[in-house]
Amino acid sequence: MRILAVDDDPIILELLGQFVEIIGTHELTTADSALDALEVLEDPDTGPIDCFMLDIQMPGMDGIDLAKRIRETARHSDTPILMLTAMSDKRYIDAAFAAGATDYVTKPFEIAELTSRIKMVEGLAHDRQLRTKKIFAAKTVADQSSHVELFEPISIYDVENVIEYTAMENYIAQLSRSALFGSTTFAFTIREISAFHTALSSFEFYSLISDVAEVLSDTLVGHQFLMSYAGNGTFVCITESGWRPDMSALMDAVNFELSQTELFDNHGERIHPRVSAGDAVRLIWKSGNSVMDAMAQAHSSAEAASLAHTRSLTDFWHIDQRA
Amino acid sequence: MTKIMAELPGIDRIRKRFVEMLADRQTQIASHGLAAWDGKTVDEINSNLAGAQAILHQIAGSAGSLGFEELGQAARDCEVRIVDHLAGPDADLAICPIELISALDSFVAACRTEIEAQA
Numbered sequence: 001m002r003i004l005a006v007d008d009d010p011i012i013l014e015l016l017g018q019f020v021e022i023i024g025t026h027e028l029t030t031a032d033s034a035l036d037a038l039e040v041l042e043d044p045d046t047g048p049i050d051c052f053m054l055d056i057q058m059p060g061m062d063g064i065d066l067a068k069r070i071r072e073t074a075r076h077s078d079t080p081i082l083m084l085t086a087m088s089d090k091r092y093i094d095a096a097f098a099a100g101a102t103d104y105v106t107k108p109f110e111i112a113e114l115t116s117r118i119k120m121v122e123g124l125a126h127d128r129q130l131r132t133k134k135i136f137a138a139k140t141v142a143d144q145s146s147h148v149e150l151f152e153p154i155s156i157y158d159v160e161n162v163i164e165y166t167a168m169e170n171y172i173a174q175l176s177r178s179a180l181f182g183s184t185t186f187a188f189t190i191r192e193i194s195a196f197h198t199a200l201s202s203f204e205f206y207s208l209i210s211d212v213a214e215v216l217s218d219t220l221v222g223h224q225f226l227m228s229y230a231g232n233g234t235f236v237c238i239t240e241s242g243w244r245p246d247m248s249a250l251m252d253a254v255n256f257e258l259s260q261t262e263l264f265d266n267h268g269e270r271i272h273p274r275v276s277a278g279d280a281v282r283l284i285w286k287s288g289n290s291v292m293d294a295m296a297q298a299h300s301s302a303e304a305a306s307l308a309h310t311r312s313l314t315d316f317w318h319i320d321q322r323a
Numbered sequence: 001m002t003k004i005m006a007e008l009p010g011i012d013r014i015r016k017r018f019v020e021m022l023a024d025r026q027t028q029i030a031s032h033g034l035a036a037w038d039g040k041t042v043d044e045i046n047s048n049l050a051g052a053q054a055i056l057h058q059i060a061g062s063a064g065s066l067g068f069e070e071l072g073q074a075a076r077d078c079e080v081r082i083v084d085h086l087a088g089p090d091a092d093l094a095i096c097p098i099e100l101i102s103a104l105d106s107f108v109a110a111c112r113t114e115i116e117a118q119a
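Chains as they are written, first to last, in this note's numbering: chain W, 1 to 323; chain Z, 1 to 119.
Be aware that one or more of the hints could be misleading.
[Stated by the list, open to error] Partial chain Z-side listing against chain W, Cβ under 8 Å, derived:
1. ILE11
2. ALA54
3. GLN58
4. ALA63
5. GLY64
[Stated by the list, open to error] Keeping only pairs whose Cα atoms sit at most 25 Å apart, straight-line, the calculated SDA-like set for lysine to any residue is:
6. LYS16/Z with ILE111/W
7. LYS16/Z with GLN18/W
8. LYS68/W with ILE172/W
9. LYS40/Z with PRO97/Z
10. LYS16/Z with GLU110/W
11. LYS119/W with ARG2/W
12. LYS16/Z with ASP32/W
[Said to hold, decoys possible] A short list of chain Z residues far from chain W (calculated; beta carbon distances all over 12 Å):
13. THR27
14. GLY88
15. ASP90
16. ASP105
FYI, nobody ran anything at the bench for these hints, they're computed from the structure.
Don't be surprised by glycine CBs; every beta carbon is placed ideally from N, CA and C.
Chain W on its own, in the form it takes in the complex (with noise of 0.2 Å):
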């Protein structure tokens, strides 16, 4: 794995090579600013990166800065990013995520923590190669058979304040580390999601997520928040600035927004997603796999309502019938 760390203080790169060097097989790059990364990054001599390890505070661009550059290139859109950051940069944490990082380790560095990452990078490395050569080939030709499940995190990109699921799962085991006042998590599931799924291509069904996605980043702008895809039309998002959502009118302002929204499969037939929320869950209290519970019940309870509005529907209609 080739790995481009950039980081202004030198003692920091020569200990990222040192440890680069004692686990292995990977290639360290590195660069001493942001303008120097993106100089190599342009260098069309210099191959794929596999990872990059991004110190936040730099004199000049910042590492959230260079996150959110690195992102809008296509060919690094969704390379791991590890921001290196000190426990005190807990303030730049969110600013990262929303900038595309994937995790982050925390200076001074421990072997452990250090070598975990990378093991998790590789992963993420290998697996993300897989899913964006599908998407990507769904892309290209629209109702082709490659297949994206129901079930199935779909990376969105380009959407404020939505990041990748495996980004949000790093981001709530960071979160389980420090204070969890002020942090709410609640979810969106798309309502009949699964015959969308049936009905669209693959690249339909990745369109309508992401304006699904869009719709939603918007009507929760003004508020801090994350969100993310996690599969079966279900959109999580968290929130630690102390703002308690009220459900129901949420629902209402999204269901609105894509009521004037216009989207449409490829052959032209207008479709008519809606969505239904779960509860909104406090963190208040609760510490590391239970933060993990939290957002599974949030997950939980919005599915939960999009099936109990679906069959509302159909019970409407026995009731119709009878009457």
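Given the structure of chain W, go ahead and fit chain Z onto it with the hints provided.
Showing chain Z alone in chain W's frame:
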């Protein structure tokens, strides 16, 4: 001492370089501290405090990995004090709190002690 210290080959060379750089860095921190203390305008004071903070941030980030945990923590404490001041209500006043200068002075002294100990 962190695990990275014991397990990395070439760590002695990196430690040596860190100590060499520390001599320059503590001088820069002292210069920024003095300039902030003597500063007459908000910009002069805050830019020098930010300059000191950037160097403290670097020391805090690497010292602990090289076995200088106390120095790293002291750098982090000074850094947080400056960050809090620059984000606080007095940041738009031409004031350089004596507590900040005192903290920087103690840190510079700790750097000198460490440099002498490693000589």
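Okay, the hints, checked on the actual structure:
The closest approach between the C-beta of ILE11/Z and any C-beta of chain W is roughly 7 Å, which is under the 8 Å cut-off, so the hint is satisfied. Satisfaction of the interface hint for ALA54/Z is found here, the shortest Cβ-Cβ separation to chain W being roughly 6 Å, below the 8 Å cut-off. At about 4 Å, the closest approach between the beta carbon of GLN58/Z and any beta carbon in chain W falls short of 8 Å, and the interface hint on this residue holds. With 8 Å as the threshold, the beta carbon of ALA63/Z comes within range of chain W, its nearest partner Cβ sitting at about 7 Å, so the hint holds.
Annotation: GLY64/Z was flagged as interfacial toward chain W, and the flag holds, the nearest CB pair being 3 Å apart, inside 8 Å. At roughly 20 Å between alpha-carbon atoms, LYS16/Z and ILE111/W fall within 25 Å of each other, so this suggested pair holds. Pair hint LYS16/Z plus GLN18/W holds up; C-alpha atoms about 15 Å apart against a cutoff of 25 Å. For the proposed pair LYS68/W and ILE172/W, the alpha carbon gap of about 21 Å is at most 25 Å, so the pair holds.
Taking the CA atoms of LYS40/Z and PRO97/Z, the gap is near 13 Å; set against the 25 Å cutoff, the hint holds. With a C-alpha separation of about 20 Å, the suggested pairing of LYS16/Z with GLU110/W holds against the 25 Å cut-off. Among the hinted pairs, LYS119/W with ARG2/W is consistent with the structure: their alpha-carbon atoms are about 13 Å apart, no more than 25 Å. Proximity of LYS16/Z to ASP32/W is assessed by CA-CA distance (about 20 Å); at most 25 Å being required, the pair is judged to hold.
Once the 12 Å rule is applied to beta carbons, THR27/Z is consistent with being away from chain W; the minimum gap is 17 Å. Distance check on GLY88/Z: its Cβ is at least 14 Å (rounded) from any Cβ of chain W, clearing the 12 Å threshold; non-interface status holds. With 12 Å as the threshold on Cβ separation, the claim that ASP90/Z sits away from chain W holds: the shortest Cβ distance comes to roughly 19 Å. Interface exclusion of ASP105/Z from chain W stands, the closest Cβ pair being 21 Å apart, more than 12 Å.
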